[in-house]
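Colleague: These protein sequence lines map, in sequence, to chains A and B.
Counted from 1, the first sequence has number 98 at position 98 by my numbering; the numbering is strictly sequential.
Plus 1000 on top of the position in the second sequence (first one is 1) and you've got my numbering.
In case anyone wonders, no lab produced these hints; they're calculated from the structure.
Watch out, some of these pointers could steer you wrong.
To be verified - Calculated lysine to aspartate or glutamate pairs in the DMTMM-like style (CA-CA distance at most 25 angstroms, straight line):
no.: 1; chain 1: A; residue 1: LYS48; chain 2: A; residue 2: GLU72
no.: 2; chain 1: A; residue 1: LYS48; chain 2: A; residue 2: ASP23
no.: 3; chain 1: A; residue 1: LYS19; chain 2: A; residue 2: GLU72
no.: 4; chain 1: A; residue 1: LYS19; chain 2: B; residue 2: GLU1049
no.: 5; chain 1: A; residue 1: LYS48; chain 2: A; residue 2: GLU85
no.: 6; chain 1: A; residue 1: LYS19; chain 2: A; residue 2: GLU93
no.: 7; chain 1: A; residue 1: LYS92; chain 2: A; residue 2: GLU39
no.: 8; chain 1: A; residue 1: LYS92; chain 2: B; residue 2: ASP1003
no.: 9; chain 1: A; residue 1: LYS19; chain 2: B; residue 2: ASP1003
no.: 10; chain 1: B; residue 1: LYS1131; chain 2: A; residue 2: GLU38
no.: 11; chain 1: B; residue 1: LYS1131; chain 2: B; residue 2: ASP1018
no.: 12; chain 1: A; residue 1: LYS48; chain 2: B; residue 2: GLU1035
no.: 13; chain 1: A; residue 1: LYS19; chain 2: B; residue 2: GLU1048
no.: 14; chain 1: A; residue 1: LYS92; chain 2: A; residue 2: GLU38
no.: 15; chain 1: A; residue 1: LYS19; chain 2: B; residue 2: GLU1005
no.: 16; chain 1: A; residue 1: LYS92; chain 2: A; residue 2: GLU62
no.: 17; chain 1: B; residue 1: LYS1131; chain 2: B; residue 2: ASP1016
no.: 18; chain 1: A; residue 1: LYS48; chain 2: B; residue 2: GLU1014
no.: 19; chain 1: A; residue 1: LYS92; chain 2: B; residue 2: ASP1018
no.: 20; chain 1: A; residue 1: LYS48; chain 2: B; residue 2: GLU1005
no.: 21; chain 1: A; residue 1: LYS48; chain 2: A; residue 2: GLU62
no.: 22; chain 1: B; residue 1: LYS1131; chain 2: B; residue 2: GLU1024
no.: 23; chain 1: A; residue 1: LYS92; chain 2: A; residue 2: GLU26
no.: 24; chain 1: A; residue 1: LYS19; chain 2: A; residue 2: GLU94
no.: 25; chain 1: A; residue 1: LYS48; chain 2: A; residue 2: GLU60
no.: 26; chain 1: A; residue 1: LYS92; chain 2: A; residue 2: GLU72
no.: 27; chain 1: A; residue 1: LYS48; chain 2: B; residue 2: GLU1024
no.: 28; chain 1: A; residue 1: LYS48; chain 2: B; residue 2: GLU1049
no.: 29; chain 1: B; residue 1: LYS1131; chain 2: A; residue 2: GLU60
no.: 30; chain 1: A; residue 1: LYS19; chain 2: B; residue 2: ASP1016
no.: 31; chain 1: A; residue 1: LYS48; chain 2: B; residue 2: ASP1063
no.: 32; chain 1: A; residue 1: LYS48; chain 2: B; residue 2: ASP1003
no.: 33; chain 1: A; residue 1: LYS48; chain 2: B; residue 2: GLU1039
no.: 34; chain 1: B; residue 1: LYS1131; chain 2: A; residue 2: GLU46
Quick caveat, the model's predicted, so the values are computed rather than measured.
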Amino acid sequence: MSSVQQQMRKGTTTVVILKLLADTPEPMYGYQIIRHLEERSGGYFEFKEGLIYPRLHQLEREGLLRSRWLGEPGTRRRKVYTITEAGHRRLKEELAQWRSLSATLNQMLGIAPESS
Amino acid sequence: MVDIEDFLRQIQAELDLDRETEQEVLEEIRAHLEESVAEVMAAGVSREEALAQAVARFGLGQDVGQALQTAHAGWATADAVIAAGLPVVLALVLRWLVFAPDGTAIGWRQVLVRPAFWAVALAALLVPLLKLARWHYALVSWGFFWFMTVIFALGEAVRW
Chain A
1 MSSVQQQMRK
11 GTTTVVILKL
21 LADTPEPMYG
31 YQIIRHLEER
41 SGGYFEFKEG
51 LIYPRLHQLE
61 REGLLRSRWL
71 GEPGTRRRKV
81 YTITEAGHRR
91 LKEELAQWRS
101 LSATLNQMLG
111 IAPESS
Chain B
1001 MVDIEDFLRQ
1011 IQAELDLDRE
1021 TEQEVLEEIR
1031 AHLEESVAEV
1041 MAAGVSREEA
1051 LAQAVARFGL
1061 GQDVGQALQT
1071 AHAGWATADA
1081 VIAAGLPVVL
1091 ALVLRWLVFA
1101 PDGTAIGWRQ
1111 VLVRPAFWAV
1121 ALAALLVPLL
1131 KLARWHYALV
1141 SWGFFWFMTV
1151 IFALGEAVRW
């Protein structure tokens, strides 16, 4: 992975996690989140899986995610995450900033916006 | 041969969290690794090779452990400050509620009819319940509140 990709990944992990959980009606656990991110990015978004957990815990600490355990203690349980109202608000802000940055960079680099 | 429990111990070595949080973190990672191994094995790979692949994809235990510790740093500290400070605040408020200005205890009946007493009792339960990560801290705070109430209301010898 190039350094540009690494920096992009680091800077966008939060927003892509929030977006994924905002788009998904069911709560998701860490392994599912990683698989969905890889799938959505067509393999571009590939990173060391273990590093998703510090990020999830940090987002939970900031009140952007909420977690709960599914399953009984002593059995194989899963910790699932959902986005909170604060998470939705943060996502909205991050997406607005991303659109602004993206438009500015495209303009600076002479890249014409793709017509949809 | 790579073993999930050995790998978890590498992560655990980097953690300095309360026992319950640490066990939950490790349980979450264990579930991840077990699912990852099962997925690779479903493709016809041996368990040993599947474990090696799962661990390689997961990253170095030391790196993950340090990142987790950083993510949780300060979390437990904030809880500890509230958990330690709340009983002190409760004791001071109770003293104000239970003792008359001349220093005599006003007694159970008078204490229990004061709305301020019940407001404090409610706060003693709700503040830790809403602010602390562990619900049983709230019960400890609640228990401490009633213990102090009994001591102050019944213990005539208690004078501040």
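Colleague: What hint numbers does the structure not satisfy?
Modeller: 1, 3, 4, 5, 8, 9, 10, 13, 15, 19, 26, 30 and 34
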